[in-house]
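Chemist: These are the residues of each chain, in order.
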Amino acid sequence: MGRKKRKYAGPKQRYGGSMNKKVSFRTRIGAALSVAALLATGTITSTPAHAADVTLEFAQWWDPELPTGSFRALMDEFEATNPGIKVKLVSGPYSTTKTQIVAGAASKTMSDVVGLDGAWVNDFAKQGALESLSGLMTAASYDQKQLASQIKVDGKTYMIPVVNFVYPLFTNSDLLKKAGVNKIPSTRSEFATAAKKISKINSTTKGWVIPLSLEAPNGIQNDVMSLLWASGGSMLKNGQPDLKNAKVKALNTYIKNLWDAKAITPGAFTLKEQDKVEEFTNGRVGMMIDTLSHVTLIQKNNPKLKFNISPLPSEDGFKGKRGIPYASWGIGVSSNSKNKTEAWKLVSFMMSEKTNSKLSSIARAFPGNTKSVPDFVTSDAISKKAFEIYTQGYPANEFTGLPVAEELMRLYGEQFQKYLSGKISVTKLADNAQAAWLKKF
Amino acid sequence: MLAPAKISKPQNFSTSLIKRKLEPYGFISPTVLLLLLLMVIPVFLVIRYSFMDNVIVNQNPLFVGLENYRTMIADERFIIAVKNTAFFTIVSVIAHLIIGLSFATLLNSELLSKTTRTIYRMIYILPWLFTVAIIAILWRMILNPLGVLNYIIMSLGISQNQTEWLSSESTALLAVTFINIWAGYPFYMISLLAGLQGIPKDLHEAALVDGATGLQKFWNVTLPHLKPLIISMSILDLIWTSQQFALIWMTTGGGPLTSTEMLGTYTYKLAFSQYEFSQASTSAVFLFLISMGLALVYNRTQRAREQ
Amino acid sequence: MTVGSARKRRIHKSGVLIVISLGAIFAGFPVFWMFVNSFKPNSEIFAFPPKIISPNFTLDAYFEIFNNPEKVRFFINSYIVAICVTLLTLLIALQTAYAFSRYRFRGKGLVNMVIITLQSVPPITLMIPYFSLVVTLKLYNTYQGLILTHMVFTLPYAVIMLTGYLNTLPRELDEAVKIDGGSALTALWRILVPISIPGIVSVGIYTFMISWNEFLFALTLTKTQEMRTVPIGIQLLMGQHSYEWNQMMSMSILGSIPVLALFLLFQRYFLGGLTSGAVKA
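Which chain is which? The protein sequence lines are G, W and Y, in order.
Just add 4 to the spot in the first sequence (first one is 1) and you have this note's numbering.
Just add 664 to the spot in the second sequence (first one is 1) and you have this note's numbering.
Just add 1077 to the spot in the third sequence (first one is 1) and you have this note's numbering.
Simulated from the structure, these hints should not be mistaken for lab results.
Every value quoted in this text rests on a predicted model; they were computed, and no experiment measured them.
Glycine residues also receive a C-beta, built at the ideal position from the N, C-alpha and C atoms.
Just so you know, nobody snuck in bad clues.
The calculated lysine-lysine pairs, modelled on DSBU-like cross-linking and capped at a C-alpha distance of 30 angstroms, are:
(1) 323/G - 251/G
(2) 1215/Y - 112/G
(3) 344/G - 1215/Y
(4) 112/G - 1300/Y
Some chain W residues close to chain G (C-beta under 8 angstroms, calculated; not the full set):
(5) 809
(6) 810
(7) 913
(8) 916
(9) 917
(10) 918
(11) 919
(12) 921
(13) 936
If we strip away everything but chain G, and leave its shape as in the complex, we get (with noise of 0.2 angstroms):
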């Protein structure tokens, strides 16, 4: 064997205790400068403070959604007209917003002022989030005759919807032609037929599309039970869970009969509302349901797309106003902001006729106040149309203000789903929904 030579990869070393005192004091210094870097990283974020002024903040995942500085164009107005009131805009994604108010209402962190989704109202209600509107409008001496609906647990009003998006049903002209149907189809069975046939033109075209994603189930919502409210039916009775009636048989045995035909945009379970446009735009689907502010998008995409707008289709021989799915962009108070009174300030001028109709404007949504009009109302053909059939029928969706709303969509697609493969009947489905809600209740 022999001696050990030891060679070693770095420069000629000299051992001792003076080496020890570089290395650890060079050890040292590395240290204290990481943290002199972190301190003085963390300086820069500081912002320093106005005494006078209040600043509200208001979370919501609108800004994003609309064009560049629209809605901070709005918040500046605000400020003018309100001197000592500020407004920071936090934006986060809209799919996570939910968990972030709930966090923040947890960490006592929650944004004065909060953007909100009707499904979550019942929730954030009871978790002691929210800041009752009622009380804050009786202070304010609020005139409530304006709004168009409020948002209510237990009798006090806890979100106000500040613009509605509607879902008209959407088809695709072409498609239709090709397909040899006439007319736009405005019962089931026309619907049917009308799918059916889409559906032969070739292998990558379909009728219809719904996305039944688990992951955010509002196709239940949307593009199901949408059907039902246009009939004049109801998965509700006295405010508990009726789903065993046979209205609701009748849309989930129609849905079936559509999906045994492959009339079906193949992928529907896990679908996304997102990812159905995409598919209505390229010219793959003949009719789908969806939000109303689709349409600039749509034209924009594909300019050579032609399209229409009608109510939903609704039960044969059905002849009472048709319900027409909604969902809101809903405003609310936290319950642990330091000023509640100037945050009621900002949601009544969110709620203003003159600022509802320009946010109803812009984002191409129908207005909260039940006096704003918005521009495009009269400007655009297919605005126009929507603006006819909402104002014809009524706005409808059961889910808002119920408990658990997501949780029980998704109960309810889970059984959809098994049923529309073949688990289970459609008896089955009824009960096991109705049992799986009832729990919730």
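Mind docking chains W and Y on chain G? Use the hints.
Modeler: Relative to the frame of chain G, chains W and Y by itself:
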């Protein structure tokens, strides 16, 4: 020649012995301090939540003992989640290991020039560079029934089906497992590549002299050398994969039906859709206990090494 | 070398090249697809049959990011956080790993267990209590808060991996230093670290990746746009009603370039030869 060794003076002996004993504690103190300060309290809280009837949304939580655990074990969905998670985790980890090892070895081969190796290595670490949201979106695009994968399959004439990779019960779990394998193998590959650099060439030369073939060299020289690394990585990967939430959530949301329901999605839904935070904490404790088991295994291998 | 073995070598080489190229398709095709889609207008991303190059090839997706100071800020924030996390983690983890690798001490097993199991609690459940703690410590919406949080995730990894690497290095190297009267720190920093550069680099890159791609805590622990990071920037493009597909792709591509550059920079440490002859029996 190096400087002659310093002989420690007798009266410094006891202090230097104490110093020597305290050294390791000094070394581990920053890590332990940080973890204690930031993690122990939240983890303790989560464990405590699992023994309450509900927290966060409930202003007055009551102690309920093991009630939540009983509910959880009786929950059919929990059992499904455990089964899916087990499949997902074990298959992912094994595939990661095999692919990572193969690629690392291939990319270390002396048969290729340094430039070739560098270029290919850059390609091979690509899956690593992206955040989960994008990986989910990207693969949803690719695996779309009318996406590029089916297009290639149809063009090559292999099949004319528009397979619903992520939307059909029979393929969804395999699809997400595949995506996870794709997204995670670079971890193994890079770590093993680094480990391979540490194998002294003389050991390889010695083996050659003894007439060993490539495979024997691999088995008897390379693998044993990499063993500590492989064990560390596998334990970490097992723990991390069993918690995986975001990838599943953004690709399939736990569906279709319950075919890709994992412990991660199960926990998330309990917490943020049903607002059952205590039950979610119970599920978290379950994962925690499993990891503790794995940590014990790891400890044992470390101790065996020292013997 | 004889003719026969030269030929054998060539066959081996071709074999390796074929396998590597197949693997490269597996690894690289999805990223190639992302790259290709970042140059398409949104409307064409879901076209069928899919095209590689769109007739409306556009750099809009990239310009939207460069021209938007808010989005550029996301990148800056991500850099600051990721770099600090990596440097601090490596510094601290190396010392801790050294202790685990070279010493036996009371409580070693326990600390090991704690390090591993603490990170096994699903972040979703941890989020709310952790968030409250961060707020109490006044670390909310700060770089420090984010850096320390990321370190909580990266340290256990780094410690375990570096312990593994250090375990592959023979103890004779340390002993040599100790015999000459050097301290443990000297042994670590002067001897072991230079030899374990490949291991350290790989742990460093992975740490950087974990921090760079981390989403949940970056979202929860930051509030204002000035503090948000790239993963949040990407998800902001996923709106309630529609996604900005091409911008999401371009942002990801831009985000991956620095890491690729880092990797390229440190390639030489992965090309062998550093440890050859370090210890001769």
